[in-house]
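**Student:** Per the UniProt record's numbering, residue 1 is the first one in the sequence shown, and the count goes up by one each step.
Simulated from the structure, these hints should not be mistaken for lab results.
Values in this document were obtained by computation on a predicted structure and should not be read as measured data.
Ranges of calculated distance between the beta carbons of each label pair, as one might list FRET restraints:
#, residue 1, residue 2, range
1, P344, R177, 44 to 54 Å
2, D255, F287, 27 to 37 Å
3, D13, L321, 35 to 45 Å
Using N, Cα and C, we set each Cβ at its ideal position, and we do this for glycine too.
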Amino acid sequence: MNVLRSNHPEIFDAFIRFITVPRPEGQLLRLEETSNTCGCDLTDHRVRALHEYKTGTTACSWPSLGALMECHVMSAVNLSEGRLYKVEKRLERAVHQHKPASWPRTPDDVLPYGIDASIPALASWGDFVYGAPCHLGLLSSIISVFKKTAVPPILASPATANHLIRIGRKPFLKILRKLAGPPEQRTVGLITMMQDIKCVSCCFQNIRDYFDPDELRALSTLAIAQVEDSYDFGFVYVCSLAAEVLPSLVKGCKDINMSDIADEFEQCLMNFHIVGSIFHIHLDLPFDSTKCSESILCRVREYHKLKDTTGVYIAAHDGLLALWNHERCWAPGCRATCVAAQRPFAACSGCSRVTYCSRECQARAWRHTNAPHQAICRTIRHIVDTARLPPTPVLPSRSALTDTFVGVDWAALVRFRDHMVVLQKHTTLAPALESAPDEATQHGTQEEGLSVSQMAMDRGEARPETHVL
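Produce the entire structure from the sequences given, and follow the hints as far as they go.
**Tutor:** Below is the structure:
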């Protein structure tokens, strides 16, 4: 697949144009009818191999338009985990390595007809084909690329809101049926389950990140109105289903020593807990344990118990914005800025938020007397991971960002607030440092056996200088 992406991007251009082009009413119905009859040219050995891919010679492997579309989206387009935000980074890397850029080369490759026309075009497929969770993965990728500009066309498409709940609940209802069956069947197809659940999880996460409370309420109203069943809790209902079934999957994976998959399910479970509680708060839903998971309700109660203590939330919010917006070296006493240096600064790989102009500054900051980064690195990582904060600020207000702190350890927010107060004092008022490194720089710094240069590395990169924000 990677070879095709690099050497034959026209294949993927054709796939994405096929599923995003606006079509006249009735055309999809005719496509569905014609796809029910196999038209494979079995004299061509390549076509015959595709024909026999799943079923052998007894029947065509692609018996419906739905099966074909699922193949296009999940196998060919392969956007199921919402990673399109890395498009530009991959392009820069390809240019640097003198290699052809893989598809998609730019975000516009994903929606060649524009987002306003393509969102309803994608939604129209759901009326004719089986809605696989990978379709939500595609929608998640689109939101992650186009951010707030994706919100209006989604709100203008009732069918899209409908699919968010109808498709979102499918993997969990399927798992519930498995759990009711024989024990030996409960862990069959774990990889597929994990992929489907991650699609739903990423999509709901992006909705939480890019829809403000009013937009979320409008989307929820649209979704509930389109679903024939009386699921008046909408998105929270889907998150509650996840909270009900995922613990059993985690236990089943651990019982058969599949710890990696168990970790993936646990991460998804945490995400659904956080997203479900935030949806519950924004939608102002009642505390009904018959419609909402008790684990989600516990988080909501925790939020309401602490919401009057806004000082810590606001201070943590402002501290994160300082790390986002002040493009500077955060080593105490250093006044270097990205603008003056005419380059971006590398970030600590432990927290991925605090930037330094050099390895020497990072080593000095790691063991600083008053504001050591060593003491706060894991705390920042906990806040960022638990709240699922994006690498750049996208939320419009303090209240919108502080809502994301639901589920974050209260003591962690307090530690971060206190650290930022001390750090900003030392980075603002301290005199400029001499160029000579101190003792910490000369001896190096270790974080669980990692050198300073390794601390600065982007995960998966071979050189620390490539780790830039």
